[in-house]
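**Q** As you go down the protein sequences, you meet chains R and A in turn. Basically our numbering = 1-based index in the first sequence + 387. Basically our numbering = 1-based index in the second sequence + 160.
Calculated from the structure, these hints are not laboratory results. Just to be clear, a hint being listed does not mean it is correct.
[Stated by the list, open to error] For lysine-lysine, the following DSS-like pairs were computed, each having C-alpha atoms within a straight-line distance of at most 30 angstroms:
#1 R/K766 <-> A/K172
#2 A/K172 <-> R/K723
#3 R/K482 <-> A/K172
[To be verified] These stretches of chain A come out as covered by chain R in the derived footprint (C-beta under 8 angstroms, 3 or more residues):
#4 196 to 209
#5 212 to 226
#6 229 to 237
#7 241 to 254
Where is the CB? At the ideal position from N, CA and C, for every residue including glycine.
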Amino acid sequence: MGSAPRRTVVDVAAGVASGALTASAVLEENLAAISAREKEIHAFNLVTTERARERAARIDADVKAGKHIGRLAGVTIALKDNMCTRGVETTCSSKILAGWKPPYDATVVRRLADEGAVFVGKTNLDEFAMGSSTENSAFGPTRNPLDTSRVPGGSSGGSAAAVAAGFATASFGSDTGGSIRQPAALCGLVGVKPTYGTVSRQGLVAFGSSLDQIGPFGTTVADSALLMEVIAGHDPLDSTSIPQPAPSLMNVLDEGVKGMRIGRITDMPEGSSPDVLARLEAAFDALRVAGAQVVDVTMPSMSYGLTAYYLVAPAEASSNLARFDGVRYGLRVDGKDLNAMYGATRAAGFGDEVKRRIMLGTYALSAGYYDAYYGKALKVRRLIAEDFAKAYAECDVILTPTSPTVAFKFGDKTSNPLAMYLCDVFTIPTNLAGHAAMSVPFGTGEAGLPVGVQVLAPALGEVPMFRVAAELERSV
Amino acid sequence: MPEPISRETVAKVARLARLDLTDAEVDRMTAQLAGMLDHFRDVDALDLSNVEPMNQPIPLTNVLRDDVVAESLDRDEVLASAPAAQDGRFRVPPIIGFEE
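Required output: the full structure, derived from the provided sequences and hints.
**A** Written out as structure tokens, the structure reads:
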């Protein structure tokens with residue numbers, strides 16, 4: 388649909404390593420695509436053209452000189468603008484951070500750089516990752532490259548659009564309640580939300596600290612597997628990082644699904660459109676044909692996940708966003724004393740959705756309401772984890788839609804926050820439980836737009852999850 | 161569940177959150193928060209009396225590191241991005257004098 392042809396991470400890395408491709412040539416293809424379409428798409432808050440060119444040239448020189456090069460040599464990558472990049476503006480698509488240049492790189496950024504990645508720029512998001520359409524950015528919305536009258540999903544909409552439009556070979560987002568998987572589904576990409584604690588959160592601007600994970604957007608399942616192998620694994624700088632090495636995923640992709648048990652939720656929340664449900668059925672059929680067994684499971688608490696999430700996430704956000712007070716970073720609006728400066732800075736710096744969630748979270752945590760709201764939400768969170776545990780006694784992975792619908796039109800859900808929140812009904816339970824999940828493109832629905840099927844797995848279930856995702860990809 | 165959220169409560173929460181809201185924002189926020197909190201009553205259908213709250217998904221305890229000096233952030237680089245700095249410190253308006 389007018390987008391540049393896309394290269395895969397695996398092909399670029401192999402091509403650059405062998406000398407068949409140069410990092411500079413790959414980058415110039417992306418920059419040409421950006422020149423042609425970025426005005427219309429607005430995937431980026433910042434394109435770091437000169438830095439990227441210098442880096443690509445250095446990698447090409449290293450290849451020529453026969454020096455050691457990494458697993459991602461020459462792979463062009465776009466980063467969601469809530470990941471710290473040393474000396475490069477990091478805004479979270481918020482006025483309150485405009486102009487801030489972090490004094491350090493996020494662990495994920497460092498690991499990618501160590502393997503030879505070339506960073507193209509910082510991508511647009513819903514302000515502080517709060518949203519499901521990228522319409523909440525202080526710098527304007529991102530458009531879906533497949534149909535520019537529609538949203539790319541969110542909150543990592545810029546990262547999804549950047550890959551879908553051929554602006555980068557792959558990209559990274561963060562997923563607090565579905566912010567990688569939903570935009571991946573809406574833009575026809577593979578998007579991974581790793582098990583909580585698998586990927587370091589150090590240098591990711593915190594939204595909901597018990598929910599956030601960084602993960603990749605790729606064109607293929609293999610690309611996503613390779614990127615996961617690079618970024619996962621223990622980081623002493625994140626105290627919630629699980630102390631074990633990253634699992635091998637590339638070598639399980641061809642194992643097939645024979646004998647695997649695929650869960651189908653019989654009491655799944657309603658509201659999905661028929662085209663999406665038809666693709667989900669087709670996915671079950673494909674896995675059955677490939678030798679898997681489909682088993683019925685129940686998740687009676689699933690529909691309560693939204694309620695639990697929209698109390699837990701704002702509560703954590705209200706605490707995390709207290710640091711944006713005009714003292715250490717970004718915007719300051721002067722006041723007669725410190726408190727007046729805080730109130731004025733935050734009023735001017737935060738957008739409507741962020742203010743709404745800070746208010747909701749502060750209220751849910753305040754004296755007299757804690758037990759009725761936040762405390763209850765944490766108990767619902769436990770029920771969801773227990774329901775998952777029972778389900779995973781019967782099956783290896785569970786399949787659901789990623790999003791109840793294909794990409795929707797701009798403005799469709801902006802007037803009603805609850806309608807927007809419903810976009811995440813299938814993705815949220817994974818974050819509450821700390822589990823792994825990924826979205827895999829599986830054909831098209833309404834208006835020829837992509838439909839994503841979500842593969843859910845238990846904590847540290849990345850291996851079975853990637854096996855099933857690879858099988859789905861083979862059978863599209 | 162508690163009473164529906166009032167305008168006064170919203171204004172108080174805004175003060176706690178250090179957010180200067182306009183009167184119009186307080187009105188709008190009161191209606192929106194009331195709508196959401198009403199929706200959240202769906203969990204009243206669940207029996208939660210014997211359920212333990214879950215604070216974090218993958219509990220790790222006593223995460224410690226060796227007590228050795230490691231690299232830390234460069235002070236000048238940190239202060240370079242602050243709205244106001246002086247003599248190697250963040251500069252802020254007077255702290256004494258506000259009412260609470």
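**Q** Work down the list of hints and note, for each, if the structure agrees.
**A** Hint check results:
no., hint, result
1, R/K766 <-> A/K172, "holds, 27 angstroms"
2, A/K172 <-> R/K723, "holds, 21 angstroms"
3, R/K482 <-> A/K172, "holds, 25 angstroms"
4, 196 to 209, "holds (count 8)"
5, 212 to 226, "holds (count 10)"
6, 229 to 237, "holds (count 3)"
7, 241 to 254, "holds (count 8)"
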